[in-house]
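Keeping their order, the protein sequence lines are chains A and B.
In this text, residue positions in the first sequence follow numbering that gives the first Met the number 0: the first is 0, and each later residue adds one.
In this text, residue positions in the second sequence follow numbering that gives the first Met the number 0: the first is 0, and each later residue adds one.
By construction, these hints were calculated from the structure, which means they are not laboratory data.
Virtual Cβ for every residue (Gly too), placed ideally from N, Cα, C.
Mixed in with the good hints there might be a few duds.
Unchecked claim - Only pairs whose alpha carbons sit at most 30 Å apart, straight line, appear in this in silico DSBU-like list of lysine-lysine:
#	chain 1	residue 1	chain 2	residue 2
1	B	Lys183	A	Lys4
2	A	Lys4	B	Lys226
3	B	Lys226	B	Lys207
4	B	Lys183	B	Lys208
5	B	Lys207	B	Lys219
6	B	Lys214	B	Lys226
Claimed, not checked - Output of the computed footprint for chain A on chain B, the stretches with three or more beta carbons under 8 Å from beta carbons of chain A:
#	stretch
7	41-47
8	63-71
9	166-176
Claimed, not checked - Over the 12 Å line for every Cβ pair with chain A, so calculated as not near, a few chain B residues:
#	residue
10	Ser18
11	Thr34
12	Ala102
13	Gln134
14	His154
15	Glu200
16	Asp203
17	Ile211
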Amino acid sequence: MNITKISDGAYFVPSYSMQTITAGYDDSCSIASFVGSEDKDEAVRAVPQAPPVRELPRFERTPHIVSA
Amino acid sequence: MTIAVAIKATDAIIIAADSRGTIGDPRGLTAVNDTQQKIFQFGKCGLAIAGASEMALAILDEFTKQGLNNPQTVDEGVSAFAQAALFCEVWYRGSPPGNRPGALFILGGYRPDPAGGPPAALIFLLNSNSSFAPQLANSYPMMAGVPQYAVYLSHRYYDPTITGNNAAALAEYLISETASQDPKVGGATRIAKVTAAGYRELTDAAIKKLEIRNKSLNKKLKTFFTK
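For reference, chain A alone in the conformation it holds in the complex (with noise of 0.2 Å):
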């Protein structure tokens, strides 16, 4: 919970129903994170992906008809 310095000797300290109901409206919290965080399966990974490769743009030149 945010216990804010306001000045010296003073602190702002919300309710402690304003913090429980907005971490209940955030979508990265939830009920479980009051009973511990669950575990990652480790076996899911995402598979690293190669860099993109850059190619130098082509420029197609139109051929030059030159008309007699």
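Starting from the known structure of chain A, fit chain B onto it as the hints suggest.
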């Protein structure tokens, strides 16, 4: 929410708080109850709490179970909170630090002078977010909760030469003025005087007298701008 204050006077430390608890999201529908106790005798010291009251009361209950609830000096009080950091670490080991409830304690008490001189009045702030590492107040009042109005008023009216009786009146004023502006603060004001001899709470009648006195002074102040 809360407004809890501790004021150092020449002959006492004043500990005071409101008694309102709020339920619900302040952005929407809320309910209040005015039965919250927020100041406590802690041996010869005084405590005021702000934040998660259930956590604070659990800590005080654990102090009682472990025989830590009767510090005779402010330093013994601070040492008890070093223990509180340890049992909080056990209680909340399953919760990431950012998800743990938070409680703030304001501790007021005296440190005897080993040379036999007068004891020193000290006020500490103990924050669960920082494992109750002691933070020592300077000569200004210490306040927690919704302190914005009280900060301004204490800057206007506090003086280090203030007596205990006047500091009690100032504490009542800081709390009632905050309550007049922020509905999350309210209920009965409770005030205690801490001296080197111990902790004593003011009676409801004595606090009522201070409230009436402050209201009449407020009325007088208003006439400065309406006459």
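Notebook entry, point to check: Any of the earlier hints contradicted here, and which numbers?
Noted result: Checked against the structure, the hints that fail are numbers 2, 7, 8, 9, 12, 13 and 14, while the rest are satisfied.
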